[in-house]
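*Asks:* Residue strings, one per chain:
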Amino acid sequence: MLTDTDLQAIWLTVRLAGITTLILFIIGTPIAWWLARTRSWWKGPCGAVVALPLVLPPSVLGFYLLLAMGPNGPVGQLTQSLGLGTLPFTFWGLVVASVFYSLPFMVQPLQNAFEAIGERPLEVAATLRASPLDTFFSVVLPLARPGFVTAGILSFAHTVGEFGVVLMIGGNIPGVTRVASVQIYDHVEAMEYADAHRLSAVMLAFSFAVLLAMYLRRDKPRREA
Amino acid sequence: MKRLSVLFTALLAATGLHAAEVQVAVAANFTEPAKQIAAEFARDTGHLAKLSFGSTGKFYTQVTNGAPFEMLLAADDSTPARLEREGHAVAGSRFTYAVGTLVLWSSKANFVDAGGEVLKSGRFNKLSIANPKTAPYGAAAVETLKKLNLLEAVQAKFVQGENISQTLQFVSTGNADLGFVALSQVFQDGRITGGSAWIVPAEMHDPILQDAVILKRGENNPAAGALQAYLKGDKARAIIRRFGYAIR
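Line order of the protein sequences matches chains L and R. Counting in my numbering, the first sequence runs from 2 upward without gaps. Counting in my numbering, the second sequence runs from 5 upward without gaps.
Hint data in this document are derived by calculation from the structure and do not stem from the laboratory. Backbone N, C-alpha and C define an ideal beta-carbon position, used for all residues, glycine too. Some hints here could point you the wrong way.
[Stated by the list, open to error] Have a look at the derived ranges for each label pair, beta carbon to beta carbon:
| # | chain 1 | residue 1 | chain 2 | residue 2 | range |
| --- | --- | --- | --- | --- | --- |
| 1 | L | Met2 | R | Ala46 | 50 to 56 Å |
| 2 | L | Gly45 | R | Asp117 | 39 to 45 Å |
| 3 | L | Leu205 | R | Gly70 | 20 to 26 Å |
| 4 | L | Gly84 | R | Ala242 | 31 to 37 Å |
| 5 | R | Arg241 | L | Ile28 | 56 to 62 Å |
| 6 | L | Phe101 | R | Lys124 | 34 to 40 Å |
| 7 | L | Gln78 | R | Ala85 | 44 to 50 Å |
| 8 | R | Lys150 | L | Gly45 | 57 to 63 Å |
| 9 | L | Arg199 | R | Ala85 | 25 to 31 Å |
| 10 | R | Ala23 | L | Phe101 | 43 to 49 Å |
| 11 | L | Trp93 | R | Ala46 | 45 to 51 Å |
| 12 | L | Leu205 | R | Glu121 | 45 to 51 Å |
The whole structure should be built from the sequences, with the hints applied where relevant.
*Replies:* Dropping the structure here:
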């Protein structure tokens with residue numbers, strides 16, 4: 002049914018989304034924690050920067066990333082001086098772009114979850130002489146678990162749905178940067194509508210299943226309550 | 005004052021009678037010449053050509069799904085023929101408006117030699133080409149590399165642009181050292197505008213015939229017919245040649 006190149010594109014997409022989500026857990030959690038707890042004036046500007054990819058056209062992000070990561074851009078100069086070459090047209094270039102692109106989908110659900118916990122459980126933990134780190138792992142993490150699940154699912158799904166940024170910095174290399182959405186675009190451009198249909202159907206089914214799982218999960222606690 | 009406004013109204017009515025608009029889908033490689041031709045066309049005929057730029061394959065899909073384009077200046081000859089065969093274009097309105105020239109280009113001076121030897125040296129990070137499956141300039145690039153017996157050697161360094169504009173963008177931003185693009189993109193008034201280039205000899209690949217066709221929506225639009233005639237005229241041909249295309 003699906004061709005080898007289609008399967009290759011799907012596997013690449015899954016790998017990209019998986020690694021991106023993992024990295025986002027690591028850098029998104031402290032950002033969300035800080036945003037949820039801080040009273041600093043910087044909360045507003047930082048929250049706005051995190052949310053930017055929600056409203057920015059992917060072409061803007063792709064354009065800036067292409068220039069910044071290129072051989073004459075600041076990021077490109079840095080990666081070159083580290084002996085890593087330049088990032089555009091590489092898998093890791095896509096990972097960097099996806100981390101930016103999906104950042105709000107990780108940070109915002111986490112921030113909501115952290116804010117919902119409130120001060121009280123943290124104060125109780127402190128009176129029991131739990132260290133801040135201990136509090137985070139034994140109190141905050143369990144309480145915010147639904148937030149982590151939502152954030153993970155949304156980040157993964159949003160990265161799977163990425164197209165414009167990948168098109169602008171990917172260079173459409175099979176097995177390296179040709180993800181499923183670009184593969185579909187290719188099929189359409191080449192007038193291979195049957196192939197485009199098959200892969201599109203897979204994407205549609207996946208996206209629906211992810212959202213369905215999330216909405217079913219979200220309804221559950223209410224029924225229990 | 006009153007007389008003046010009457011005069012203006014009369015003038016407006018006079019131009020309004022003849023001026024029409026035509027929506028034109030233009031292959032990305034023809035962007036610059038199309039803009040210049042549209043400006044001259046407006047000056048000489050009063051008609052307005054509204055231009056959209058993109059890849060020919062995308063335009064095909066859009067046209068067959070009801071896009072409001074009235075004329076297509078394609079990057080190939082097969083898409084206009086197919087549109088005509090499938091009843092989306094006006095029969096008999098097809099003609100070759102330009103013959104494309106392929107060029108190996110780098111944004112760096114003295115990087116590409118006049119014989120394209122740099123390809124054999126392998127001293128470049130990436131080679132940007134348009135998607136050979138969909139873009140005629142990409143297909144011509146692959147054909148050229150095959151003829152040079154270099155396809156297998158350089159294939160690993162390919163990065164693909166979605167259309168010829170993006171292919172050029174990868175090179176002009178310095179992300180790829182080299183790229184096969186359309187001469188029209190880096191050429192003006194008989195000279196390469198910057199960087200270094202090898203103009204690929206025409207015998208290295210099948211000719212890149214770029215055909216235009218009037219689409220069904222433009223069948224009764226006088227501006228579409230006028231633009232078709234204008235493209236065949238001396239003024240437009242001079243502009244087309246200036247960008248490095250040949251004329252048939």
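*Asks:* Any hints from earlier that this structure breaks? Give me their numbers in increasing order, please.
*Replies:* Result: hints 2 and 4 break, sorted rising.
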